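There are 2 protein chains.
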Amino acid sequence: MSMFHEINTPLRTIMTPGPVEVDPRVLRAMSTPILGQFDPAFTQLMNETMEMLRDVFQTKNQWAFPIDGTSRSGLEAVLCSVIKQGDKVLIPIYGRFGHLLTEIAERNGAEIHIIECEWGEVFEQEVIIEEMKRVQPDVLAIVHGETSTGCMQPLDQIGPACRELDVLCIVDAVATIGGTDVKVDEWQLDAVIGGTQKCLSVPSGMAPITYNDRVEQVVAARKKVERGISTEADQKDVLNPIRSNYFDLSQLQDYWGPRRLNHHTEATSMLYALREGVRIVLQEGLEERFARHRFHEKALIEGVKAMGLELFNDVPWKLPMVTCVKIPDGVDGESVRMMLLHQFGIEIASSFGPLHGKIWRIGTMGYSCRKENILFVLAALEAVLLRHQVKVQAGNALQAALNVYESKNIVVKS
Amino acid sequence: MSMFHEINTPLRTIMTPGPVEVDPRVLRAMSTPILGQFDPAFTQLMNETMEMLRDVFQTKNQWAFPIDGTSRSGLEAVLCSVIKQGDKVLIPIYGRFGHLLTEIAERNGAEIHIIECEWGEVFEQEVIIEEMKRVQPDVLAIVHGETSTGCMQPLDQIGPACRELDVLCIVDAVATIGGTDVKVDEWQLDAVIGGTQKCLSVPSGMAPITYNDRVEQVVAARKKVERGISTEADQKDVLNPIRSNYFDLSQLQDYWGPRRLNHHTEATSMLYALREGVRIVLQEGLEERFARHRFHEKALIEGVKAMGLELFNDVPWKLPMVTCVKIPDGVDGESVRMMLLHQFGIEIASSFGPLHGKIWRIGTMGYSCRKENILFVLAALEAVLLRHQVKVQAGNALQAALNVYESKNIVVKS
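Each protein sequence line maps, in turn, to chains Y and C. Numbering-wise, the UniProt record's numbering puts 112 at position 112 of the first sequence, and it's gapless, one number per residue. Numbering-wise, the UniProt record's numbering puts 100 at position 100 of the second sequence, and it's gapless, one number per residue.
Chain Y on its own, in the form it takes in the complex:
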């Protein structure tokens, strides 16, 4: 028998683009003794979570609930419930997670059309709209905040264009939900997938999604009730049934809706975590929370620049919660990251594909996005770079960040 000790982890300062530090109130919520899934005390918590999720998504959609899995489970649930074999799916790609959408859509039998731009850029919305007119896809799938490049794609014109061209608009807002505006209704997005482990500061393991009537109609046409619990009225032949049982939104609706038809066993403790996470978001206030993310971002950026480093994503379309720093010539980026981790207990990220070895990515998301963390990561990065023989002007970074912090008369509540 292999026996191990109880969990005894080091306490890290997590400044990656996710997973980030979990709010201590969320950690406490998870230690609540569980309830049965059909206990009225539990279904009430499910309903409350749906209601709060609607506010976080800024939507009046009936359907707003989590998929029990990590963020990409939410992407797959929406894509596999919507995409039928041979459907045309247009995917504009500006980083790694666009490729993930391609990967999932392709496995679900889609005819994929992609347009790509260089990593670090985003698309003019008009370019995407023109491509939609040309391709006439059934679905547009697009990333809102691309953590691999630190860029954010404007969507406010794309949603309405999709409506006009009768294209379903599916948006990966895993990185942005709870950290910056994701205006589901105003932008006319048909389905949006959020993530827990980023700006919501809830552990990975659930994927909150929302979708509107247009998506529900597509899903309803493919609906099958599970054998073993179906009634005769439920039995019918279905064209293009959804290929997954676990991710079948039509079944999940019956579980989250008033029919409460048994599907999976809801992940109780993660539901507690998500409920507490979105409660904290609404308690802080969406506007206030987004402003907090921008404020700490500014302190970080000023500090990084004062150190003499360059940003990779110093652009109008910068993702506010991910700051990408160019690795100075001749510096081993991984060695810097390892020293940050081993000497300071700070985690920052590298990147993928064409940006691997070129940039560091510093996340300022949710509970990790607070003053002490920004100041500590700047101090540590300066010290580690000096240790790597990089000529940085010692002391400037913290002074620049403090200037930002002191520019507000109030002490910022972290």
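For the record, the hints were derived by calculation from the structure and aren't laboratory data. It should be emphasised that the depicted structure is a prediction, and the values quoted were computed from it without experimental measurement.
Copies of the same chain are indistinguishable here, so a pair counts whether it falls within one copy or spans any two.
EDC-like cross-link-like pairs, simulated, lysine to aspartate or glutamate; straight-line CA separation at most 16 Å: (1) Lys-224 <-> Glu-106; (2) Lys-60 <-> Glu-216; (3) Lys-223 <-> Glu-106; (4) Lys-358 <-> Glu-310.
Add chain C to chain Y, keeping to what the hints say.
Structure of chain C alone, referenced to chain Y:
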């Protein structure tokens, strides 16, 4: 904005066939601050969890790790990674969860062959083996412990027969893992899926699985590395690629194995919970734990019988951790369940399909399987039945259960 109070749940005595009460040590483990997914401190916890899972599954398989989702996510991950379009899959059905296997296999393009027996029965192993010879399936998918009927299917002859007939043997051990023997290697089972929210007393939200080289070969032939992180060497045309990205075992192996290729973001807190849960199982000892389940089962059964009630599953193939009680004629089973919940805070279960309204199901799983709970549920059931004008001999149930408990000279450590 919809604002709600902090979580403030009633404390229940959960005596269903899952989800059951979570061990308090597991609840505490979940409140541990998280680590990044590639933090060496975290990957070590992942490796330790794999090692302990192997012991719980009684296997030397290299692969033993959780799928990040509820139990049925584990079923779907294995089935969709193994089943190719048109594969013949034989599914013996003796309750609801056999139908679920059919549902998942069918959606993955399988040609389904089923044999059924009445709910409450199991199959003679020879019957299944003969059917395999006739059908010559690629895969046999079967439930080990059927919670809907409280029956357990013997598998010790089926595994070796599958090996001989070159059939992959996939077993749903969601209800049995950690509560009774699941001898993966000795019974020659090729892939086995366990559940967390039953005998492991971990919340729902992860599905530990294990599989051997025979399964790995099938999966490897369908392997595709994800776009956006693949190298040129990874790019090749694949016949019959796996239809899901989230459930692609070939990608999950690369994530859980030494290559540590990014896939999802591991559900950190659930991994802490699972690690603590399997640690507790091994600390207790498999044999001791299985004996404890049988011992409390005996006390419950004696108590139920002494009350004058009949068991539905008083058979040699009874599932030790689920006791099914026939609802006496003229009694509204749901009214009894509701009174147990509202007056005593005790949850027991009804059943599905042909057994709905016919039986109650009382679970004795994991942390819920302890003396206080058994005695409380017997006392409460007696009182509630008296309240429903059922002529039970007051007091007998607890005396019978106490006889069992006193038959051991030692006080049973619950």
